[in-house]
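Visitor: All chains, please: the whole structure from these sequences, using the hints.
The listed protein sequences derive, respectively, from chains E and F. Residue numbering for the first sequence is 612 to 780, as defined by the working numbering. Residue numbering for the second sequence is 173 to 756, as defined by the working numbering.
Just so you know, not all the hints are guaranteed correct.
Unchecked claim - Keeping only pairs whose Cα atoms sit at most 25 Å apart, straight-line, the calculated SDA-like set for lysine to any residue is:
| no. | chain 1 | residue 1 | chain 2 | residue 2 |
| --- | --- | --- | --- | --- |
| 1 | E | Lys663 | F | Arg754 |
| 2 | E | Lys663 | F | Lys189 |
| 3 | E | Lys663 | F | Val353 |
| 4 | E | Lys663 | F | Leu663 |
| 5 | E | Lys663 | F | Glu756 |
| 6 | E | Lys635 | F | Asn216 |
| 7 | E | Lys663 | F | His493 |
| 8 | E | Lys663 | F | Asp753 |
| 9 | F | Lys189 | F | Ile202 |
| 10 | F | Lys183 | F | Asn260 |
Keep in mind the hints are simulated off the structure, nothing from the lab.
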Amino acid sequence: MPKIKLSENTVQTIKSVCAEFDNKESELINVLHKVQGKLGYLPAEVQEVIAKGLNTSVARVYGVVTFYSYFTMIPRGEFPISICMGTACYVRGAEQVLGEFKRQLKVEVGESTPDGKFSLNCLRCVGACGLAPVVTIGEKVFGRVAPTQVKEIIAEYRQGCASENAKSA
Amino acid sequence: MDVINLVIDNKPVVVKKGTTILEAAKGIGIHIPTLCYMKLDDLNIENKPGGCRICVVEVDGRRNLAPACCTDVSEGMNVNTHSIRAINARRTVMELILSDHPADCLICAKSGNCDLQNMAHNLGIRKIHYQGEQSHYREDTSPAIIREVDKCIMCRRCEMMCNEVQTVGVLSAINRGFNSVVAPAFEMNLDHSVCTYCGQCVAVCPTGALTEVDETGKVVRALSDSAKTVIVQTAPAVRAALGEEFGYEAGTLVTGKLVAALRRLGFDYVFDTDFAADLTIMEEGTEMLNRLGRHLAGDKEVKLPILTSCCPAWVKFFEHHFPDMKEIPSTARSPQQMFGSIAKTYFADKLGIKREDLVVVSIMPCVAKKYECGRDEFKVNNNPDVDFALTTRELAALIKISNINFRTLPNEEYDNPLGESTGAAVIFGTTGGVIEAAVRTAYELHTKKELPRLNFDELRGMEGIRKATIDFDGTPINIGIAHGLGNARKLLEEIQAGKSEFHAIEIMSCPGGCIGGGGQPYHHGNAEILKKRQRAIYQEDTKKSIRKSHENPYIIQLYKEFLGKPMSEKAHHLLHTAYFDRTE
Chain E
612 MPKIKLSENT VQTIKSVCAE FDNKESELIN VLHKVQGKLG YLPAEVQEVI
662 AKGLNTSVAR VYGVVTFYSY FTMIPRGEFP ISICMGTACY VRGAEQVLGE
712 FKRQLKVEVG ESTPDGKFSL NCLRCVGACG LAPVVTIGEK VFGRVAPTQV
762 KEIIAEYRQG CASENAKSA
Chain F
173 MDVINLVIDN KPVVVKKGTT ILEAAKGIGI HIPTLCYMKL DDLNIENKPG
223 GCRICVVEVD GRRNLAPACC TDVSEGMNVN THSIRAINAR RTVMELILSD
273 HPADCLICAK SGNCDLQNMA HNLGIRKIHY QGEQSHYRED TSPAIIREVD
323 KCIMCRRCEM MCNEVQTVGV LSAINRGFNS VVAPAFEMNL DHSVCTYCGQ
373 CVAVCPTGAL TEVDETGKVV RALSDSAKTV IVQTAPAVRA ALGEEFGYEA
423 GTLVTGKLVA ALRRLGFDYV FDTDFAADLT IMEEGTEMLN RLGRHLAGDK
473 EVKLPILTSC CPAWVKFFEH HFPDMKEIPS TARSPQQMFG SIAKTYFADK
523 LGIKREDLVV VSIMPCVAKK YECGRDEFKV NNNPDVDFAL TTRELAALIK
573 ISNINFRTLP NEEYDNPLGE STGAAVIFGT TGGVIEAAVR TAYELHTKKE
623 LPRLNFDELR GMEGIRKATI DFDGTPINIG IAHGLGNARK LLEEIQAGKS
673 EFHAIEIMSC PGGCIGGGGQ PYHHGNAEIL KKRQRAIYQE DTKKSIRKSH
723 ENPYIIQLYK EFLGKPMSEK AHHLLHTAYF DRTE
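Guide: Okay, structure coming up:
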């Protein structure tokens with residue numbers, strides 16, 4: 612695993628989250644949750660700082676990170692795509708939708724595109740079964756997604772960032 | 173006191189509130205089978221994740237079966253430990269465990285000593301009705317320990333030892349469901365982790381998932397090489413445990429047979445690590461007196477307490493976890509390494525052979541000794557002072573392979589000059605022994621008076637942390653003892669915080685000291701075995717005609733002929749070492 616050097620700022624962020632939870636080992640899950648919220652993911656170096664902050668072993672932190680599917684050690688894309696694989700979505704063709712996302716983005720589940728724009732994941736039920744199959748991108752929910760729409764959705768986000776870039780330039 | 177009345181297998185029983193069904197049953201002689209559960213009485217070591225479900229029993233009025241190891245008794249409970257439902261459940265659980273376990277028992281290192289194998293036998297499993305995918309994980313070989321994760325049954329005993337008892341924190345259950353394994357952080361290999369190789373995970377593993385690196389083949393090859401002179405040293409704790417491998421009651425001393433067996437195996441000289449333990453006391457004791465003397469004279473620079481440094485797992489532990497304190501432990505090498513160093517200089521010279529033609533083998537109760545003898549600072553021109561370290565278990569295997577009938581062997585004596593030792597040396601094998609041996613010598617060297625007594629009962633016992641003040645003829649010396657690295661950590665944190673009152677502290681990594689080492693015959697969770705070994709060690713001490721290290725005539729001769737005096741330049745070069753910061 613290549614070593615990442617964490618910036619002093621990031622280390623301070625992690626330490627202050629630990630302190631927020633009184634540096635208690637029993638708060639490990641809460642700390643991980645909050646740190647992932649801030650940094651987007653939990654690479655090895657981050658887990659080491661957390662272990663030190665909560666006075667526990669890195670092995671234990673890693674154990675918890677790998678137990679819960681919510682936690683990830685891979686950086687999420689700017690636009691994290693999740694395809695619902697719950698029963699309703701599945702029977703209404705979520706697998707085909709997922710296949711199309713894989714083809715279009717050329718990534719597997721759990722991976723990110725090389726430009727860091729998109730990451731692809733599966734989840735189980737967002738509680739919008741009436742709209743099955745469901746795809747979420749960031750906070751936004753797309754309902755009744757057909758494989759044919761996938762290309763268009765991706766393009767929309769690509770253009771979105773292109774126009775934003777143009778604006779900021 | 174709150175008591176509970178219940179019935180187990182039709183027998184009424186009265187126990188304290190808070191007792192588990194398992195313990196209540198044990199009290200009336202009913203043995204409920206367990207697998208993941210393990211308890212070492214008096215050592216505060218207990219593993220009861222309630223994970224394996226082998227110990228399930230039927231309780232009247234309860235819908236599901238109860239795991240006996242972690243279900244407390246309640247008033248009026250009626251327990252049936254062998255109802256057809258309980259037996260069937262137990263057998264189903266065992267079949268499910270076996271369905272994801274490699275069936276290579278015939279060639280497994282743990283065969284015959286495997287709790288899983290024994291349990292399958294006791295439950296009468298003849299067929300596995302469940303077939304499906306088996307989990308696979310890479311094998312991990314380190315200098316001392318092999319992890320064969322496919323054989324892991326997730327009992328979590330190793331994890332409990334590594335985290336709760338030793339506070340080393342290398343092993344943890346990771347991933348979930350079918351993919352879960354016990355592994356170091358980020359699934360790195362052991363030799364990249366902060367593992368101390370204490371081997372307590374190996375000592376408690378119920379299967380062949382964790383074993384020591386087997387070096388018996390290398391030793392057999394060395395013994396059959398006519399160009400080599402092969403000598404052997406035996407650690408103190410080996411003589412109090414080896415007999416168990418040959419059907420002797422725990423705590424039977426087999427020193428004479430051990431020597432005879434090694435001679436039959438073809439070692440040219442059979443020596444004793446105890447000799448080197450006496451040498452350790454001369455060096456460590458002198459260093460302790462130097463530091464104490466300077467401290468008592470008001471020198472603020474001197475670092476106290478002095479910590480013992482015989483235990484390689486302990487050394488690696490503080491190098492990883494307390495590198496800021498690496499100046500505090502004694503610089504004295506461990507007895508194993510002192511022996512190797514003296515053997516390949518003093519003794520090789522006596523024989524008139526080159527160090528490369530002398531092979532030094534050690535028999536140790538320890539797996540960390542394998543790692544220790546491979547450390548670079550204990551090599552000269554890449555030739556190690558100690559070539560191979562075998563565990564007590566490996567020696568037993570070697571004796572069995574070589575068709576030696578251990579029980580009919582005569583008692584034989586060690587060779588000289590490196591085989592003579594005192595009672596002070598033999599007690600190195602138990603917690604409290606090193607410091608007691610040091611006190612015997614330091615007292616007499618310091619006060620120039622003869623000790624009024626030799627047994628220091630206040631330093632003995634099985635409590636994790638012990639404290640005593642010894643009167644050095646008017647000077648009170650505060651001594652601390654810790655066994656188990658978690659206990660050691662507590663004393664180290666006191667020192668770090670500037671709260672330590674001790675002048676000297678003995679630390680051994682394994683619970684009980686070397687008698688409970690990771691390389692000893694398996695105790696299978698029976699702490700009584702450790703206590704019997706400890707008694708045997710003290711018994712050996714009292715049988716010795718000389719019981720103080722500085723009175724060992726061969727040690728006196730070694731200093732006269734070769735080393736000069738303790739802490740001399742030559743002694744520094746051959747018998748002392750330095751420690752490294754391993755945090756990066």
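Visitor: Indicate, hint by hint, whether the structure satisfies it.
Guide: Each hint, compared with the structure:
no.	hint	result
1	Lys663(E) with Arg754(F)	16 Å, holds
2	Lys663(E) with Lys189(F)	39 Å, violated
3	Lys663(E) with Val353(F)	23 Å, holds
4	Lys663(E) with Leu663(F)	20 Å, holds
5	Lys663(E) with Glu756(F)	15 Å, holds
6	Lys635(E) with Asn216(F)	24 Å, holds
7	Lys663(E) with His493(F)	11 Å, holds
8	Lys663(E) with Asp753(F)	17 Å, holds
9	Lys189(F) with Ile202(F)	19 Å, holds
10	Lys183(F) with Asn260(F)	22 Å, holds
Hint check: a violation occurs at hint 2 only; the rest are consistent with the structure.
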